[in-house]
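Peer 1: Taking the hints into account, I'd like the entire structure generated from these sequences.
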Amino acid sequence: MNASLTVTQSKREGAAVKTKESQSLPLTRPATPGGKETTSRGTPVSEVAFEVDSLSCWFGQHQAVQDLSLQIPAKAVTAIIGPSGCGKSTFLRSLNRMHELVRGSRLRGQIRLFGENIYGPRIDPTLIRRRVGMVFQKSNPFPTMSIRENVTVGLRLNGVRNHIALEERMEKALRMAALWEEVNEHLDRPGTSLSGGQQQRLCIARALAVQPDVLLMDEPASALDPIATTKIEELIQELKKDYTIVIVTHNMQQAARCSDYTAFFYMGRLIEYDKTDKVFTNPSNKQTEDYVTGRFG
Amino acid sequence: MNTSSRYHAWRKVKNLTMSGLSFTCATLVIAPLGLVLFYLITAGAGAIDWHFFTQLPKPVGETGGGMANAIVGTLTLLGLASLIGVPVGVLGGVYLSEYGGERMNWWIRFGADVLNGVPSIVWGIVAYTLVVVPLKGFSAYAGGVALGFMMIPLIIRTTEEVLLLVPNGYREAALALGIPRWRINLQIVMKTALRGIVTGVLLAGARIAGETAPLLFTAFGNRFWTHHLKDPIAALPLQIFTYAISPYDDWHRQAWAGALVLILMIFLINIGVRALTRERFSGATR
Amino acid sequence: MAETLTTTMGATDDVQLAPPSKVGDRIFKWLAMVMGLSVGALIVIVGFTLWRGASMSVHHFGTGFLTGSKWDPVQEVFGALPFIYGTLVSSLVALVIAVPLSIATAVFLTELAPPRVRQPLVSVIEMLSAVPSVVFGLWGIFVLISWLRVHLFPWLQKLFGFLPLFQGPNYGVSMLAAGIIIAIMILPIITSVSREILRSVPDLQREAAYGLGATRWEVTRIAVLSYAKRGLFGAVVLGLGRALGETMAVTMLIGNRPEISTSLLAPGYTLASVIANEFSEATTDLYLSALFEIALVLLGVTILTNILAQLLIASTAGPKTSRAIQ
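Protein chains in written order, with our numbering: chain X, 6 to 302; chain A, 3 to 288; chain Z, 7 to 332.
None of these hints come from the bench; they were simulated from the model.
For each label pair, taking beta carbons as the anchor points, the in silico distance ranges come out as:
(1) X:H255 with Z:L317: 42 to 48 Å
(2) Z:L317 with A:M106: 14 to 20 Å
(3) A:L137 with Z:P126: 45 to 51 Å
In silico lysine-lysine, BS3-like type, Cα no more than 27 Å apart, as pairs:
(4) A:K193 with X:K143
(5) Z:K235 with A:K16
(6) A:K193 with Z:K35
(7) Z:K28 with A:K193
(8) Z:K235 with A:K14
To give an idea of the interface, some chain A residues facing chain Z are shown, with a C-beta separation under 7 Å as derived from the structure:
(9) R13
(10) N17
(11) S21
(12) S24
(13) I123
(14) P182
(15) F243
(16) I265
Even for Gly, the Cβ is constructed at its ideal location relative to N, Cα and C.
Peer 2: Okay, here's the thing in structure tokens:
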């Protein structure tokens, strides 16, 4: 198998012409013990979760993402960094078809999730969103619901009635989000009664409960204190064994600490995309270097 | 030098005068409320007793009796009105806040404001034409339709307002879980704003509870119990009106008592509801 | 589609999410839209109902209906002028009383009152607006009228008796009495809308005037009131709309006599109160149709007034917040 991901900034036909050596990623296949060939449902394992092909996103007249192409590996953490307004959140939201919900938004290009075009003509965005979970900057447990209800809401409102199964899923999701020990005594308290960090982990559990393939995180720790942030980062390390994680962060230390690959966005363009070590220690692009060393941004 | 300091003093005097004047005006504005309440209590409280709430009106010439049928009638009419006003108003508000495009919303809001300004007597005529004429007689249904139509624009506006207070983050979080839009609206957005929606509905109810004009030739009034909604029905405001313009002293007394009960009903809803909302939305509303 | 759903949490349970069907979404959106559009439907229903009911009268009397001053159900001669006149006069009286009071109160509330006083005052004004028309009518009949007849009207006649406005016999029930009660009833709406308008005046305006050394009143006059002129006018027009359609209290206090009299102390009749009094007693089709036409006139005038008011208010108050999600 061809074990390298190629980043191109132009359209696909342009990729053949312009393949600078520095821009091809020597990606080794992410280790996925026990699940290499097939998943439980028998689909072939692909090492690439998302293939993004010349993606452009607009808000009205403003183009937030410009002709962007990259591939995001499965079961690894990919961090997206860049100064605010560089299009990293917009890009993230295009991965689960949330971008189109914004008034006046437009999008062009292709995104394939495990080989399937998520913007295909007969694709229901609702189904894509079930497969691609999302955690937001501001923790947002539903205020009218208990902890239990918050975790199971994605199942319940999608027609799951079986109480035993719901309980099972809830416990599993809370355990994966490293929250079970802290809340199992009072699952009926309102979700908003938890501390900020706990609320964010509750939101992660809520996203995990519908069993997505991918977890998108939009600055998940930016509103949290350092201790809560550490917990989230540890959790990300745990989760990447089973999930493809894409995390947007403005915190470069965080990207360096918890991601395997890092993409640097600037002014809606992908400037550099490589292994995290490489991006932070030996960036090939001057702008990237300036940014990671704190000279602008 | 001298003229300038005199001018300055003049400005100061003017400033004080105007401040004093505006304070006086504010007092004058609230004075009628005090006066009305004072007379309601002094003239009405004495006429309120157990019989007032349990008995039917007595025929002319006999003293005593009560307005039991009118109280029940008003509640019945409010119930009927809510059957029309609440679903239409609330869902209309959901449309404004969750679906409608900007231009369409502008028109709907504008239309609702125009409807709010339609004189209440006109709603009586509309319900007369739509219900009384086809049913060949005054009825509780007709009164309910008139009041229900009046509720719609009120509830649409309050519902939209409280739904817009629900942070977008909840909608996004729910969408990201792959929950269908209609379930999000029903079980997350509307549920989060439930208290505000209920508040709006109750305030609309309080507003129409005292309406008399739309009932004059729809519900019409009834001296007895109404056993079927196809028959005319009594209502507190109608009864107050009839008694107030009558020549009998005992009926005047009852009118005051009825007015006191009506206003207590309305104020209790208002005050209760406001206490309820303040606790919840104090941060979110202006 | 569904078979590519990989379960990374391990498929130990057999939880099946319902396939997303568009049906629920479509039904709900369609229902909400119908309910939203019901506003338009209601406007059409109101207009059409009145127009159809009035058509006989419109054909029979033509424009003479609006200019005729004789209202005689026995001979079936119907002219609406006395009602139009009574409605306009009582509403204007109400505005003359209510406008200065409510705008001054709004100024007091936004510019002068200490914060501790504001909220209670606003609540009291809200309560005033919750008092039903019929209760004001009751109070008017038994308290206000006798006070006017015994105290205010004789005094007015003594002071201003040379004006035709205050001549003639003093019955108590009169266009002036109706005007006063309408004024009380429109005070809250003019006050609260004016208050919203004044609050929408940017603080920058005020600060600029203060910076020039203006006194508080000068700031209010120069920076606030002149800035908010259009919106305040809108609030007044909105109050006028309510005044024109006010029914019960007016019916109880105006005397219900279809005559045109220059004196404010004389009884009159309004469009709304003639409907209230005579609609259920209208014996002939033409009589009923004439009352429909009265209602049509009333509706037309109030709707036009309201549209004007909304446009004026919207031009001052800032844009409404709208949601970000489609």
